[in-house]
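Asks: Chains as they are written, first to last, in the working numbering: chain L, 1 to 518; chain B, 1 to 333; chain G, 1 to 336.
A hint or two may mislead.
Calculated cross-link-like contacts (lysine-lysine; reagent style BS3-like; alpha-carbon spacing at most 27 Å) [as the list claims (entries may be wrong)]:
1. L:Lys-472 with B:Lys-297
2. L:Lys-438 with B:Lys-297
3. L:Lys-417 with L:Lys-473
4. L:Lys-418 with L:Lys-438
5. L:Lys-357 with B:Lys-84
6. L:Lys-36 with G:Lys-44
7. B:Lys-96 with B:Lys-198
8. G:Lys-302 with G:Lys-316
9. B:Lys-234 with B:Lys-263
10. L:Lys-263 with B:Lys-282
11. B:Lys-101 with B:Lys-128
12. L:Lys-26 with G:Lys-155
13. G:Lys-280 with G:Lys-146
14. L:Lys-417 with G:Lys-155
15. G:Lys-203 with L:Lys-26
16. L:Lys-459 with L:Lys-418
17. L:Lys-263 with B:Lys-271
18. L:Lys-184 with G:Lys-231
19. L:Lys-459 with L:Lys-357
20. B:Lys-101 with L:Lys-357
Some chain B residues close to chain L (C-beta under 8 Å, calculated; not the full set) [as the list claims (entries may be wrong)]:
21. Thr-203
22. Gln-206
23. Ile-249
24. Ala-260
25. Ile-292
26. Leu-295
Here are some, though not all, of the chain B residues that point toward chain L, as calculated from beta-carbon distances under 8 Å [unchecked claim]:
27. Glu-11
28. Thr-15
29. Pro-34
30. Arg-164
31. Asp-166
32. Arg-167
33. Gly-178
34. Glu-193
35. Arg-253
36. His-264
37. Val-267
Just so you know, the hints here were simulated from the structure itself, not pulled from any lab data.
Glycine included, each C-beta is placed from N, C-alpha and C at the ideal position.
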Amino acid sequence: MTYQALYRQWRPQTFAELVGQEHVTKTLQNALRQGKLAHAYLFCGSRGTGKTSAAKILAKAVNCEQGESVEPCNQCAACQGIQAGRVMDVLEIDAASTRGIDEIRDLREKARYAPVEVRKKVYIIDEVHMLTAEAFNALLKTLEEPPNQVLFILATTEPHKLPATITSRCQRLDFRLIDFDVIKKRLAEVIAAVGRACEEDALNLIAEEAAGSLRDALSLLEQVLAYAQGTVSSEDVLAVLGTVGRDVFYELTAAILNRDLAKALLLLQDVAVSGKDFQHFTQQAILYFRDLMVVLACGERAERLGIAADWAPKLYQQAQALGLGEIGRILSILHELLSEIRWSNRPRLLWELAVFKIFAFEDLAEPPTYTQTAATTEIVPEKQVDVPQAPEVAVPQQITAREQLVRQWPRILDEVKKESIKCHALLLSGELGNFDGKNLEICFEGQFHYDMMEGEQNKKYLENVLERIFGKKIRVCCSLGSKPEKVKNVEQENNPEELIQTALEIFRGQLIDESEKE
Amino acid sequence: MLWKTIYGRKELVRTLQEAIHADKVAHAYLFYGPEGIGKKTIAQVFATALNCLDGQKGCGVCLSCRRAAAQIHPDIHYIEPDGKTIKIDQVRRLKKYAYLKPRESRYQIFILQQADTLTTEAANSLLKVLEEPPVGSIFLLLAENLSALLPTIRSRCQEFAVSRLDRESMAEFLRAQGRMTGEQIAEIMVWAEGIPGKALELTDSQARQQLYQEAVAYLKALAAGKGVSSLAAKLAETEDLTAVLDAMILALRDLLILPAAGKHPEVLAGKGSLLCGQLTEKWHRSACLAAIPVLLKLQRDLQSPINVRLALENAFWDLKEVYNRANSCGNSL
Amino acid sequence: MRKQQEPDYLRLQRELQVGKIRPVYLFYPEEDYLAEQAAAELVKKFFPHAEAKAASAVVDGREHALTEVVAMTDTVSLFGGSRLLLVKNAPYFAKGQRLTKELLQRLLVKNHEACLVFFAPEISFTAKVVKELNARGAVFRFEPLKGYALQNWVKQQLAAQGKNISGENLTFFVERIGGDLRNAANEIAKLAAFLGEKKEVTKESIMAVCTRTIQADIFALVDAVVYGRTKEALFFLRDLLAAGEPALLILAMLIRQFRLLGEAKELLAAGENDLAGALKIHPYAAKKVSAQAAKTSMSYLKRAVELLAQCELDIKRGRIEPVLALETLIVALGAK
């Protein structure tokens, strides 16, 4: 088992090769140049950002036989010995596995003696936050009075776990998450060097997945190169990751926006049929909606927050169409779904239920589209006399349609508000007139409002929203004069349905407010 | 070639094959996924291949492979829970073999089934041997519930999720088992949700239909106001109670998506023709949406030792309530 | 602006500059880095030619009685002539300690050949010996540096490394690195190294290498949120997380910051003039907080509290993954 993983083969050997941490390399190299190295350094940062590599390079640079210089030569015995881990004076300790005080005491003892093989002793302590309290105390004593011939390099991903007494005795260098482009470039170099090829999309996927860690990027690349045959495609990467492409979620969201339940269910079917893991799928869905939320909050460009540039405009569009409130609601449903899916054997079913929740169909009314679809389906049984869906279609559409409209009215108003605040305000000062499923009448008392609604874009806004929600073209016409009895009709239903109440409140309540504002 | 007996899961198979080929085999692996997904099958094939005398290909014909297939291979050990858990004595015995027993083959392999049932002390004991494994020993842990495993054990293993099958692979798998499925594969996929072990139990389309009809009958009865106790009693007596419950869930789900299923009847679990008339009238969307979680919970509860009849009664009362509530909100049109 | 007495560490510097060396020093090191530096300078002055470390000795006061310590100074040093003794953790000057008359005399008598430096973690100013020493000006109190004193010190240290820094950048730098001098010294060395040959400290260089305190980051985050710069706030969050700060800690500090904001708003509404004093924060911070308070309404702050509480619940119950919970929180806080 002596193979070397890709990320180890490609470990940077010089400061020049250490990518993405220019501020660190500059500091160290200047200090070397001026002979002003600190006695102890603390390298902090996320996994895979170069801490251990930098520590080794520094150890070499300090001890290089060519003289203490800004770059190790990597040719001399010292450099090569340190690289191979053969030099006794350069000690690498993994605090995660040897937390004990004995190791540190041992270290203190050894530190007293002059180095044997090289110029300076270097002690590299990785994941130093894992040390016990006693070990910290022992280490502190040495750091308080550091012997001249010793250089300490502490490294950790969790600096806040270190006692302040330790951190204050080190020069702290922060390793940043490596930029997307830098990772991509490095990956391309490695791919070329091993004589393989990779599609642009696939490269983007790997770089994105790495989330700032070069080591993770290279590990993933290794897996992908092992799996793929020939040129690496994005399908290969998705297969290795076991994830689904972003476009699936894009389509799902589009289905939600278009109120296309059938499409949504079919997408889930595809996932199920492909054998992909639904738990991952859910986690990815959450990330997708998180991306929508972030893109909306940031106003499109957000690479630093993990959103690839080529996707941002599309995501932004969808995010705007949904609105922050709706995105939040969907995320809520997905979080609940995730915790349920962990324990379930029927993840697809749970997802289907969640989709229903997302679509938030009212208990009774089903959007007209589907009753029509159902009526044409082969599923209609041969023998039965009463066609199952027929009653819903046959019932005078006047009442059904209008009822549906009333129930959807708050949502319609919300959508209109996003398109035009003016139109929204106008609608609030009007009242719902007749609706036969194809034509909607809005009644205005005042000429002024009537004119405003008739002219300009306002009617268009409403018609667009209606089309989006009901899936078909609905014509809006305005009339002058109020029709209070229509409003009463709705009231008389005496329906406990919350939504009706809300609609009424919005109608009546805001009606007064808006006129005050105007 | 034994690897061919694993359907789907191409990435996992390729990764394992590559590991053998490049001699990058780790000391410990963890395969996880729901019951019936194929963890044991994969572990067996992997173990067999590792010791296969023909270039570690997993040929299936050499002596080693044949012994492994008969589960009499001297260096492939199976550890199952003793009762409900894997106990420390079992781990101690495992360690004895691991450290002392001379190997005949290239590797000595230990397959721990249902590793998530390790008792705490057994787990800690196992941890030691995972940390410092004797040369030539490999541990394959199989688990359904990842979170029940000590994180320290998990971090010493290479973890692999065993994924569900896609439709083509499922069809191939069933065909290879001698079950011809043809166009029914879509329906089977809905019932088994990609789990091969489950699918095997469901290949008989007649049996499925029967279950479905039974389920529909129960739903009709509940809607018609039949007595909960008698219904619960009847169901409690049924041999394949879990299967009927599953079918009820699927029927309710079908009712939900029936309107949208439209031109795609393959998304349904059963014949849409069965879901007609009174059933669709009475079991409205909200009723279905509320009823399914009740049945899912019931299924979970039934996994623990409880009074079955009582649990069924409770669930049916809940269903009735759910149904009534949905219908009282002026659902009738 | 309060008229400040010259800090002791500067007084010591002045004395050393003119070559005045006392026989006995009593260092009271609340800020022990400063005291350490002072002692180092004293040693250098005392032994201008010799290898300082070899000629001075350090003992732990907890292990020796005072008589012993005094006796040690009688021993002629290896280099002949003078002997300087640093006594760390000297317990002799705390409350309840009494010294004999003879001992007191020995301490006060001028002895050109020896120098005793006591580092006393605890000092009782009612003790006779302390009073006497104080009267002679031998007691040096090393207090933590704040405000202008801190800024001056930092400027001095940078100058010693050959670097200049403008007033604005100095404030920025000091605010960023906090008041712990040992830390600050490290940051200064780092900054100097980063700058290399360049003499002028720029804002970019500070932002490039200086480790921010989490407090500063949280402050910046809340500032961004309040002014509707959600994108920036999300970046700050990301940096905090990348630096390894745990999500719950970030949340706790956000809660604290918003609480502060709420208090500030109330105080300002009640006509408070000295916000910095009332809230016990840096005047620079107070200025920003009062601007934030002006920008936010009471109802917004109420809503913020609800959102923060919900976020905490969500994370603690494991309902939402911590990073996403924080991002959602920030987006919600930034939305108007």
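Asks: Run every hint past the structure and note whether it holds.
Replies: Hint check:
1. Only pairs whose Cα atoms come within 27 Å are accepted, and L:Lys-472 paired with B:Lys-297 is rejected, the gap being roughly 40 Å.
2. Between the alpha carbons of L:Lys-438 and B:Lys-297 the distance comes to roughly 44 Å, so the proposed pair goes past 27 Å and is violated.
3. Between L:Lys-417 and L:Lys-473, the direct Cα distance comes to roughly 19 Å. Compliance with the 27 Å bound is thereby established for this hinted pair.
4. Restraint check for L:Lys-418 and L:Lys-438: the C-alpha separation of about 23 Å stays at or below 27 Å, so the hint holds.
5. Restraint check for L:Lys-357 and B:Lys-84: not satisfied, since their Cα atoms lie roughly 38 Å apart, outside the 27 Å limit.
6. Distance hint between L:Lys-36 and G:Lys-44 is fulfilled; the C-alpha atoms sit about 20 Å from each other, no more than 27 Å.
7. Straight-line distance between C-alpha atoms of B:Lys-96 and B:Lys-198 comes to about 36 Å, which puts the hinted pair past the 27 Å bound.
8. Taken as a hint, the G:Lys-302 and G:Lys-316 pair is honoured in the structure, with Cα atoms around 21 Å apart against an allowance of 27 Å.
9. Of the supplied pair hints, the one linking B:Lys-234 and B:Lys-263 is violated, its CA atoms being roughly 36 Å apart against a limit of 27 Å.
10. Pair hint L:Lys-263 plus B:Lys-282 holds up; C-alpha atoms about 26 Å apart against a cutoff of 27 Å.
11. Restraint check for B:Lys-101 and B:Lys-128: the C-alpha separation of about 18 Å stays at or below 27 Å, so the hint holds.
12. A threshold of 27 Å between alpha carbons decides the hint, and for L:Lys-26 with G:Lys-155 the separation of about 23 Å falls inside it, so the pair holds.
13. Distance hint between G:Lys-280 and G:Lys-146 is fulfilled; the C-alpha atoms sit about 13 Å from each other, no more than 27 Å.
14. Straight-line distance between C-alpha atoms of L:Lys-417 and G:Lys-155 comes to about 56 Å, which puts the hinted pair past the 27 Å bound.
15. Annotation: proposed proximity of G:Lys-203 to L:Lys-26 holds, straight-line Cα distance about 17 Å (limit 27 Å).
16. Pair hint L:Lys-459 plus L:Lys-418 holds up; C-alpha atoms about 14 Å apart against a cutoff of 27 Å.
17. As the CA atoms of L:Lys-263 and B:Lys-271 are separated by approximately 21 Å, the hinted pair is consistent with the 27 Å bound.
18. Only pairs whose Cα atoms come within 27 Å are accepted, and L:Lys-184 paired with G:Lys-231 is accepted, the gap being roughly 24 Å.
19. Our distance criterion of 27 Å between C-alpha atoms is broken by L:Lys-459 and L:Lys-357, whose separation comes to about 31 Å.
20. Under the criterion of a C-alpha separation no larger than 27 Å, the hint pairing B:Lys-101 with L:Lys-357 is inconsistent with the structure, at around 58 Å.
21. Against a cut-off of 8 Å between C-beta atoms, the interface hint on B:Thr-203 is violated, since the closest Cβ of chain L lies about 17 Å away.
22. Among the interface hints, the one on B:Gln-206 is violated; its C-beta lies about 20 Å from the nearest C-beta in chain L, farther than the 8 Å criterion.
23. Contact between B:Ile-249 and chain L, as hinted, is supported at the beta carbon level, the nearest pair being about 7 Å apart and thus within 8 Å.
24. Interface hint at B:Ala-260: satisfied, since its Cβ lies 4 Å from the closest Cβ of chain L, which is below the 8 Å cut-off.
25. Among the interface hints, the one on B:Ile-292 holds; its C-beta lies about 6 Å from the nearest C-beta in chain L, closer than the 8 Å criterion.
26. Hint status for B:Leu-295 relative to chain L: violated, with the closest Cβ pair at about 10 Å, above 8 Å.
27. For B:Glu-11, the interface hint holds, the least distance from its beta-carbon to any beta-carbon of chain L being 5 Å, beneath 8 Å.
28. At about 7 Å, the closest approach between the beta carbon of B:Thr-15 and any beta carbon in chain L falls short of 8 Å, and the interface hint on this residue holds.
29. The interface hint given for B:Pro-34 is met, as the beta carbon of that residue sits about 6 Å from the closest beta carbon of chain L, less than 8 Å.
30. Satisfaction of the interface hint for B:Arg-164 is found here, the shortest Cβ-Cβ separation to chain L being roughly 5 Å, below the 8 Å cut-off.
31. For B:Asp-166, the suggested interface contact is upheld, since its CB lies about 4 Å from the closest CB of chain L, less than 8 Å.
32. This hint holds: B:Arg-167 has a C-beta 4 Å from the nearest C-beta of chain L, less than the 8 Å allowed.
33. At about 22 Å, the closest approach between the beta carbon of B:Gly-178 and any beta carbon in chain L exceeds 8 Å, and the interface hint on this residue is violated.
34. Checking B:Glu-193 against chain L by beta carbon gives a least distance of about 5 Å; that is within 8 Å, so the hint holds.
35. Satisfaction of the interface hint for B:Arg-253 is found here, the shortest Cβ-Cβ separation to chain L being roughly 6 Å, below the 8 Å cut-off.
36. Among the interface hints, the one on B:His-264 holds; its C-beta lies about 6 Å from the nearest C-beta in chain L, closer than the 8 Å criterion.
37. The interface hint given for B:Val-267 is met, as the beta carbon of that residue sits about 5 Å from the closest beta carbon of chain L, less than 8 Å.
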